[in-house]
Each structure stands twice: as structure tokens, then as C-alpha cells.
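If you're matching them up, the sequences are chains A and B in order.
Quick note on numbering: the first sequence equals residues 1 to 521 in this note's numbering.
Quick note on numbering: the second sequence equals residues 1 to 330 in this note's numbering.
It is worth saying that the hints were derived from the structure and are not from the lab.
It is possible that some hints are incorrect.
[What the hints assert, rightly or not] Derived BS3-like pairs: lysine-lysine, alpha-carbon spacing no greater than 27 Å straight-line:
id : chain 1 : residue 1 : chain 2 : residue 2
1  : B       : Lys105    : A       : Lys18
2  : A       : Lys489    : B       : Lys69
3  : B       : Lys261    : A       : Lys70
4  : A       : Lys371    : A       : Lys489
5  : B       : Lys65     : A       : Lys70
6  : A       : Lys453    : A       : Lys489
7  : B       : Lys325    : A       : Lys18
8  : B       : Lys75     : A       : Lys75
9  : A       : Lys489    : B       : Lys75
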Amino acid sequence: MTMTSEPTPAAKKKLGLKERYALMTRGLDWETTYQPMEKVFPYATYEGIKIHDWDAWQDPFRLTMDAYWKYQAEKEQKLYAIMDAFAQNNGHLGLTDARYLNSLKLFLTGVSPLEYMAHRGFAHVGRAMPGVGARVACQMQSLDELRHAQTQIHSMSNYNKLYDGFHSWRHMHDRVWYLSVPKSFFDDAITAGPFEFMIAIGFSFEYVLTNLLFVPFISGAAYNGDMGAMAFGFSAQSDESRHMTLGLEAIKFMLEQDPDNLPIVQRWIDKWFWRGYRVLTLVAMMLDYMLPKKVMSWKEAWEIYAEENGGALFADLARYGIRPPLGWQQACDDKEHLSHQAWSTFYQYQGAAPFHTWVPSPEDMAWEAEKYPNTFDQYYRPRFEYWAEQEAAGTRFNNATLPQLCQVCQIPMLFTEPGDPTRICYRESEYDGETYHTCSDGCQAIFDHEPEKYVQAWLPVHQIYQGHCFGPDADPTSPDFNPLLEVIKWYRMDVGTDNAPYEGSRDQENFQAWKAMQTKN
Amino acid sequence: MQIDLRTVTIPVQRHSFTHIADRLGPDKTPTRYQEATLDVQANANFHYRPTWDPDHEIFDPTRSKLVMKDWYTFKDPRQYYYATYTIARARMQETAEADFEFVEKRGLAESFAPAAKQKALDVLVPLRHVAWGANMNNSSVCAYGYGTAFTAPCIFQAMDNLGIAQYLSRVGLLLGDAEALDEGKAAWTSAPVWQELRRYVEDTLVVQDPVELWVAQNLVLDGLLYPLVYEKFDAALTAEAGPTVSMLLRFQVDWFAETSKWVDATVKTAAAESPENAALLAEWIGHYRDRAVAALAPVAELALGADGAAAMADVQSRFAARVAKCGVAL
Ligand SMILES: [Fe+2]
Ligand SMILES: [Fe+2]
Numbered sequence: 001m002t003m004t005s006e007p008t009p010a011a012k013k014k015l016g017l018k019e020r021y022a023l024m025t026r027g028l029d030w031e032t033t034y035q036p037m038e039k040v041f042p043y044a045t046y047e048g049i050k051i052h053d054w055d056a057w058q059d060p061f062r063l064t065m066d067a068y069w070k071y072q073a074e075k076e077q078k079l080y081a082i083m084d085a086f087a088q089n090n091g092h093l094g095l096t097d098a099r100y101l102n103s104l105k106l107f108l109t110g111v112s113p114l115e116y117m118a119h120r121g122f123a124h125v126g127r128a129m130p131g132v133g134a135r136v137a138c139q140m141q142s143l144d145e146l147r148h149a150q151t152q153i154h155s156m157s158n159y160n161k162l163y164d165g166f167h168s169w170r171h172m173h174d175r176v177w178y179l180s181v182p183k184s185f186f187d188d189a190i191t192a193g194p195f196e197f198m199i200a201i202g203f204s205f206e207y208v209l210t211n212l213l214f215v216p217f218i219s220g221a222a223y224n225g226d227m228g229a230m231a232f233g234f235s236a237q238s239d240e241s242r243h244m245t246l247g248l249e250a251i252k253f254m255l256e257q258d259p260d261n262l263p264i265v266q267r268w269i270d271k272w273f274w275r276g277y278r279v280l281t282l283v284a285m286m287l288d289y290m291l292p293k294k295v296m297s298w299k300e301a302w303e304i305y306a307e308e309n310g311g312a313l314f315a316d317l318a319r320y321g322i323r324p325p326l327g328w329q330q331a332c333d334d335k336e337h338l339s340h341q342a343w344s345t346f347y348q349y350q351g352a353a354p355f356h357t358w359v360p361s362p363e364d365m366a367w368e369a370e371k372y373p374n375t376f377d378q379y380y381r382p383r384f385e386y387w388a389e390q391e392a393a394g395t396r397f398n399n400a401t402l403p404q405l406c407q408v409c410q411i412p413m414l415f416t417e418p419g420d421p422t423r424i425c426y427r428e429s430e431y432d433g434e435t436y437h438t439c440s441d442g443c444q445a446i447f448d449h450e451p452e453k454y455v456q457a458w459l460p461v462h463q464i465y466q467g468h469c470f471g472p473d474a475d476p477t478s479p480d481f482n483p484l485l486e487v488i489k490w491y492r493m494d495v496g497t498d499n500a501p502y503e504g505s506r507d508q509e510n511f512q513a514w515k516a517m518q519t520k521n
Numbered sequence: 001m002q003i004d005l006r007t008v009t010i011p012v013q014r015h016s017f018t019h020i021a022d023r024l025g026p027d028k029t030p031t032r033y034q035e036a037t038l039d040v041q042a043n044a045n046f047h048y049r050p051t052w053d054p055d056h057e058i059f060d061p062t063r064s065k066l067v068m069k070d071w072y073t074f075k076d077p078r079q080y081y082y083a084t085y086t087i088a089r090a091r092m093q094e095t096a097e098a099d100f101e102f103v104e105k106r107g108l109a110e111s112f113a114p115a116a117k118q119k120a121l122d123v124l125v126p127l128r129h130v131a132w133g134a135n136m137n138n139s140s141v142c143a144y145g146y147g148t149a150f151t152a153p154c155i156f157q158a159m160d161n162l163g164i165a166q167y168l169s170r171v172g173l174l175l176g177d178a179e180a181l182d183e184g185k186a187a188w189t190s191a192p193v194w195q196e197l198r199r200y201v202e203d204t205l206v207v208q209d210p211v212e213l214w215v216a217q218n219l220v221l222d223g224l225l226y227p228l229v230y231e232k233f234d235a236a237l238t239a240e241a242g243p244t245v246s247m248l249l250r251f252q253v254d255w256f257a258e259t260s261k262w263v264d265a266t267v268k269t270a271a272a273e274s275p276e277n278a279a280l281l282a283e284w285i286g287h288y289r290d291r292a293v294a295a296l297a298p299v300a301e302l303a304l305g306a307d308g309a310a311a312m313a314d315v316q317s318r319f320a321a322r323v324a325k326c327g328v329a330l
């Protein structure tokens with residue numbers, strides 16, 4: 001990162017970078033006296049985090065605004081040039097296969113809205129933190145996150161013009177059953193206090209888990225010929241390095257400021273590791289099942305980015321008294337199962353998902369077996385082969401019942417008991433005379449610590465049962481009323497195209513036809 | 001293998017995302033500003049209430065007394081989204097950089113008349129704290145305001161405010177040195193001339209209504225302060241000692257002209273929505289104008305001496321005309 005580079009006249013004492021940045025930024029604030037500091041920063045103490053000296057904050061990067069504008073503008077010019085060229089030259093026809101597009105649909109509907117939430121969340125924390133260094137770094141991240149949201153929308157806008165399942169991302173993100181998983185994750189973070197937000201997003205997500213989200217997507221794009229998505233991905237990665245150093249500085253700062261902060265921060269790490277890990281279920285499925293040309297397995301990604309990198313990070317944080325998150329071991333054990341259980345679920349609920357699913361081909365299954373020698377043939381292959389037979393017989397399996405959702409992560413109860421992949425895991429908690437269900441020890445612990453928060457969750461399946469998910473023209477009293485179909489319409493899914501199986505889908509047909517047009521002499 | 005790819009013309013299936021087609025009609029291809037802005041903020045089915053503000057939803061229009069049927073009626077005439085914003089600012093900073101370099105290379109700061117130099121330091125350096133207050137306020141409006149069309153320009157504005165605070169710091173370092181910044185801060189926190197202005201800034205830091213805060217900061221305070229400092233004071237200083245310092249303030253001059261277009265469009269839209277909004281805006285503007293005028297009067301005198309009062313009166317009457325043009329009767 002280059003800093004501001006204006007030359008200093010020889011006559012003056014030369015200021016070091018750190019000193020200069022401190023003068024230009026850190027000296028800007030003052031102790032207010034016409035209004036009490038507690039009123040100027042009203043959210044600074046209620047979480048119990050004790051900060052004694054904001055001046056001890058080490059600026060994670062020293063970037064003045066003039067330098068920021070300069071470098072970011074250069075990046076934007078390049079990025080939009082690539083995007084435009086990709087669109088003009090029908091770059092989409094260079095994709096390996098139209099199945100690839102489904103990863104992008106998952107990304108646009110599930111992840112891009114979170115970039116926007118990060119933008120607003122960092123604006124909030126960038127106002128709420130009493131320390132000027134922390135505020136500036138958060139505000140800059142807020143601006144970066146707006147960039148990520150907008151470049152992703154622009155990049156996928158081209159696909160939306162030609163392919164199905166992209167068109168209603170905004171509407172769907174706030175309604176569709178499995179999209180409440182990422183939505184509730186970020187709603188949870190932004191409604192927490194500013195310090196918890198920093199641990200949730202700045203540290204746990206940006207530092208511990210971000211590589212597991214972005215590297216698979218960017219590499220997946222690169223392997224499958226998507227220069228457009230690859231360009232925005234790489235361009236965003238250069239911002240991520242700043243965000244990661246901010247997250248790391250935030251946690252170290254909190255831990256160094258007061259020993260009483262340790263148990264609070266540890267609990268947040270436990271919580272947000274698990275919450276983030278559950279969201280990554282969608283990435284696991286994408287890597288192992290949705291990419292026509294595979295990059296690496298979820299298990300391999302987990303081993304590199306979580307076990308190795310994360311392991312080193314937590315070894316480093318041990319000197320502050322931090323231990324690896326609760327649930328870490330279970331996540332490591334589950335790497336053998338996660339993607340298979342998730343894809344099986346989406347396959348069954350194809351009718352309610354705006355992207356296409358399919359049974360893995362025999363070659364794909366051979367790849368799964370090779371990558372998952374301990375589990376695939378034993379637990380998952382028989383299921384997929386059975387479904388392939390049913391498809392061949394013209395009786396594709398579609399699950400018409402609504403799944404029960406975890407009260408915390410909101411994923412359907414599809415995960416199995418630790419150590420027993422044949423038994424679904426259920427946990428129960430009581431609160432205020434009611435019973436609440438969670439999918440795992442991790443989610444149950446989160447619920448039990450803050451039940452008053454999680455009982456508020458907008459659970460899509462409950463909402464359907466309560467009749468909140470029908471359009472104004474749906475008539476539940478009519479004899480041919482089909483509640484599931486009405487829900488799908490309310491989701492704004494185009495029935496028969498968005499939610500169709502991949503084989504025979506409009507995307508598949510169009511892609512093949514356009515490609516044929518292109519290569520025909 | 002090289003395949004000779006034919007140029008294929010493919011008919012589009014749809015022109016835009018449905019939330020945009022709902023607004024523009026299905027046959028319109030939206031601009032990038034529209035795609036990046038319209039309905040980008042979530043507006044339904046929030047899962048939890050903020051622990052820091054349990055009386056409101058995460059995004060909640062009732063944080064403000066201003067009522068809009070549709071918060072996407074607001075339009076930024078600059079059509080800024082991240083890329084166009086950063087590219088525009090990159091150009092401006094390039095000019096500013098060249099100006100600073102010009103002054104530095106030729107040693108113009110050293111040859112600037114000492115009395116004028118001191119005057120520039122006295123007036124400009126404390127203003128870095130005013131810009132910093134503006135940064136906090138715009139960050140606040142971005143966080144707690146409603147609808148991307150209204151909030152996204154506020155993060156741009158917040159970062160501009162920070163950039164301006166940094167440019168003013170550089171002016172201080174160039175005309176003086178690190179001690180000049182300390183002196184400016186000491187004046188800001190304790191010299192009588194700055195105290196009403198500091199009170200104004202601190203009082204805005206606790207305003208909870210995002211639109212009220214936006215009005216107090218972007219329309220009223222900056223609407224009076226920028227013409228006073230960057231036109232009146234700049235002109236007086238140039239007349240007295242030449243254009244050196246004026247060159248170092250070009251960013252702020254250009255910035256104020258540009259951002260005023262957005263501010264005016266926003267006020268106009270809010271006022272045109274309903275007589276209630278227009279009345280509310282008039283109330284806010286009147287209240288903050290009176291306070292800002294009182295806070296800036298001593299600064300005008302510090303900057304312009306005996307001409308300060310006349311300069312203030314002119315700035316005020318132009319401000320009144322500007323507000324009237326936006327459809328608000330004070
Ligand atoms: Fe991001
Ligand atoms: Fe769960």
C-alpha cells in the first residue's frame with residue numbers, strides 16, 4: 001500500500017510516515033465538553049468491553065484519503081474495462097458449462113447483499129467507536145464494502161440479462177428459506193454492539209473465514225472461464241488485505257486493553273466462528289457439487305484455510321489467553337460430510353430454489369469418492385445413485401414437506417450427530433415457556449446465551465405456516481389452492497425456469513444453442 | 001486450439017433486475033447508478049432488533065421525522081456510485097497534489113507574507129476539527145438513515161470530510177509545522193472565538209434524527225461556512241498576499257460547488273414531497289441557521305476583521321436565496 005507521497009521541503013524537519021499520518025488523522029479528534037463523551041459515543045460501553053487508552057490503537061494501515069482515491073480509482077477503471085469487454089464479447093459463452101452459473105446465482109442472492117450490510121455496519125461502527133484510528137479504518141472499510149456490493153451487482157447484471165435465477169436477488173434475499181441463513185447471520189452481527197460486530201465481521205469473518213468464501217469463488221470463476229467474476233473477485237481481494245489487518249488489530253487491541261475483556265471476546269469468537277462456519281455450508285456445496293470444473297474439495301479447502309492458517313492464528317493468539325473456538329473440532333470432523341448433506345438437501349428442494357440442481361454424473365461421483373474416501377461411497381453415493389435411477393424413470397424425487405429450521409443458523413435440520421452420520425442432530429432449549437430447536441451444540445449454546453434475541457428470528461418456514469408468505473392474489477379458501485406454489489410465486493421465482501432441474505432447463509438449452517451459433521462456420 | 005468465434009447477437013431475456021423493472025418498467029435498461037442504488041438496502045423481514053437501539057428496526061424510516069412515501073425518490077444528480085465517485089475524487093486529488101507540489105517546489109509558503117501566513121493558520125487549521133465533526137455526522141447519517149439513495153452519498157461525503165480535514169492539516173504543516181496543528185487544536189478547544197462553533201459541532205454529534213443531522217451539517221453549517229472561508233476569506237487573503245494559500249484550498253472550493261448540487265437536489269425532493277416535510281425542513285433550517293450564524297460571526301471577524309460582518313451578511317442572504325430555490329420558505 002503506498003502512502004501519501006508529497007515531498008517535504010528540505011527546510012523543515014522531515015516527518016516519518018507514522019508521525020505524519022498521526023498528525024493528519026489521529027490529531028483530529030478532541031474531548032468534547034459541550035456534550036458529554038458518553039452521549040457522543042453512546043454505544044461504547046454497554047457490551048462490557050473496557051478500553052482505557054484509545055491512543056494505544058495501532059493503525060492497521062496508514063492510508064490518507066488522497067492516496068485511497070488514487071489507487072481505488074485505478075482499480076475501478078481496470079475492473080469496469082474488463083467487465084465491459086466481457087459483456088461486449090459474449091464472454092459468458094466461454095464458460096465451461098451453464099451449470100457454472102448456479103454458483104453465481106448463489107453468490108448474488110446470498111453474498112452480495114451481505115457486502116451491502118457490511119457497508120452499513122462499518123458506517124455504524126465507524127461512528128460508534130470512540131477511538132479515531134478505529135473509526136477511520138472502519139469508515140474506509142464501509143466505503144470498500146459498498147464497492148464490493150456495487151461491483152458485484154454490476155458484474156452479475158450482465159448474466160441477469162441472459163440467464164434465469166438472477167433477477168430477483170433483492171426480493172429473495174429477504175424472503176427465501178435458505179437465504180435467511182446468510183441474512184440472519186449479518187442481521188445478527190449488525191444488531192450486536194460495535195465491539196461484537198468487530199469480532200463477528202472484522203475478525204471472525206474477514207480474518208478467519210474469508211478465504212474459505214472468496215478463494216473458492218474466485219478460483220471457481222477462473223477455472224470455469226468467468227473472467228468477469230474473477231475480475232471483481234481479485235479486485236476485492238486487494239481491499240481484503242486491509243480489512244484483515246483491521247480485524248486482527250481490533251481483537252488484539254481489545255485483549256491488550258483489559259484482562260476482563262478476554263472472556264467476552266472468547267465467547268464472541270466461539271459464537272461467530274460457528275455462525276460463520278454454518279454459512280459456509282453453501283460454499284462447501286458449491287465447491288464439491290456446483291462447479292463443472294472443480295478447483296479443490298471443501299475438505300481440502302478447510303484443511304488449508306482453516307486447519308493450517310486458522311491453527312497458526314490461534315496459536316498466535318494463545319499468548320492473550322485465547323483458545324480455538326468451541327466447535328472447531330466438530331467443524332474439522334464434519335468436513336467429510338458437509339457438502340454432501342447440503343447438496344442432497346437442495347436437490348430435494350429444487351422446486352423452492354432459484355438455481356438448478358442435478359445428480360452428480362458418474363465422473364463427478366468418482367471425483368467425490370477420490371476426495372472423500374472415508375465417507376462418499378459409504379454414505380452418499382447410494383442416495384445419489386438412487387436418485388439418478390428415479391430421474392431416469394421419470395420420477396425425480398421432490399420433497400414436498402417443509403423442513404424444520406434451526407432457530408439460530410436457520411439451516412434445515414440436515415446435519416448429523418457428531419460421530420454418527422446416520423442420525424440427524426437435534427437440540428432443544430426452553431425459553432419463556434416455549435421450546436426452541438437448534439441444529440447443533442454450537443447453535444444451542446448461542447441460543448442459550450441470548451434467547452431473547454434469537455426468539456425474534458424471522459424463520460421462513462414458520463412464516464409460511466403462519467400465512468405470511470403468499471401474494472395478495474393468493475386465495476387460501478379456493479379448492480385448488482397450492483400453498484407451496486403460492487410461496488414460490490411470492491418469492492418471485494419464475495416457476496418452471498428458475499426452479500427447474502438443470503437437465504432440460506432454459507439456461508442449459510440457451511447456452512448450448514448460443515454456443516453452437518458462435519462456433520458454427 | 002484457436003476457434004474462430006463469430007460475433008453472436010443474442011436477444012436479452014430481460015433488461016434489468018425485477019426491483020428495478022418495477023420502478024422503470026420492464027423495457028428500460030438501467031444506468032449503473034440505478035443498478036447500484038435502487039432498493040439495494042434490505043427493507044423487509046429483519047431478524048432482530050438492534051441491541052443498541054431496540055426501539056427501531058435495523059433500517060427504519062421512523063428514525064427521522066421526515067416522512068417519504070418512497071426514499072428512492074432521492075436522486076444524486078452526480079449519479080455517484082463507488083466507481084464514479086472515486087474516479088471523480090482521484091481527478092480532484094491529482095489537481096490538489098499538483099498545487100501543493102507547485103507551492104512546495106517554489107518555496108512559495110516561505111515567501112508568503114508572515115502576517116497573512118499567520119492569519120491563514122489561525123483561520124484554517126482549527127477548521128480541520130470542523131471537517132472531522134462533519135465526517136462523524138455523515139458517517140452517522142449513512143449508518144442510521146434510510147434507503148441507499150439517501151445513505152450512499154453520505155459515506156462519500158464522510159470520506160470527503162476526512163479528506164478535507166487532511167488537506168487542511170497539510171496546509172498547516174506546509175505554512176507552519178506540527179506545532180501549528182497543536183496550536184490550532186488548542187484554539188479550537190479553548191480560544192473564545194471558536195467556542196460557539198465548537199458547541200454547534202458538538203451539539204450535532206448527539207442529534208439522533210438522521211435527516212435533521214444531515215440538514216444541520218451539509219446544508220446549514222457547510223452552506224454558510226464554505227462561502228465564508230473559501231470565497232470571502234480566500235479572496236481577502238489573496239488580495240493581501242497573493243494566491244499561494246488559495247491554491248492550497250482549491251479542493252474545498254471545487255468540492256463545495258459539486259456537493260451543493262447533491263445537497264440542493266436532496267432538499268428539493270424532501271420539500272416537494274409534502275407541506276409537512278417543507279414545514280419541518282423550514283423549522284430545522286431556521287433553527288440551525290440562527291445558531292450557525294451566531295457561531296460563525298466571531299470566525300468571520302477573525303478572518304476578515306471589520307469586513308467580517310458584511311461578509312457574513314452576504315453569505316447569509318445568498319444562503320436564504322439558495323434555500324428558497326430548494327422550495328423551503330423560511
Ligand atoms: Fe467485502
Ligand atoms: Fe444451527
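Checked hints:
1. At most 27 Å may separate the alpha-carbon atoms for a hinted pair to count; Lys105 of chain B and Lys18 of chain A meet this at roughly 23 Å.
2. A hinted pair counts as satisfied when its Cα atoms are at most 27 Å apart, and Lys489 of chain A with Lys69 of chain B qualifies at roughly 26 Å.
3. Distance hint between Lys261 of chain B and Lys70 of chain A is fulfilled; the C-alpha atoms sit about 23 Å from each other, no more than 27 Å.
4. Between Lys371 of chain A and Lys489 of chain A the CA atoms are separated by roughly 38 Å; this puts the pair beyond 27 Å, and the hint is violated.
5. At most 27 Å may separate the alpha-carbon atoms for a hinted pair to count; Lys65 of chain B and Lys70 of chain A exceed this at roughly 38 Å.
6. Using a Cα cut-off of 27 Å, the hinted pair Lys453 of chain A and Lys489 of chain A is violated, with the two alpha carbons roughly 30 Å apart.
7. Between Lys325 of chain B and Lys18 of chain A the CA atoms are separated by roughly 46 Å; this puts the pair beyond 27 Å, and the hint is violated.
8. Between Lys75 of chain B and Lys75 of chain A, the direct Cα distance comes to roughly 26 Å. Compliance with the 27 Å bound is thereby established for this hinted pair.
9. For a cut-off of 27 Å, the pair hint linking Lys489 of chain A to Lys75 of chain B is broken: about 31 Å separates their Cα positions.
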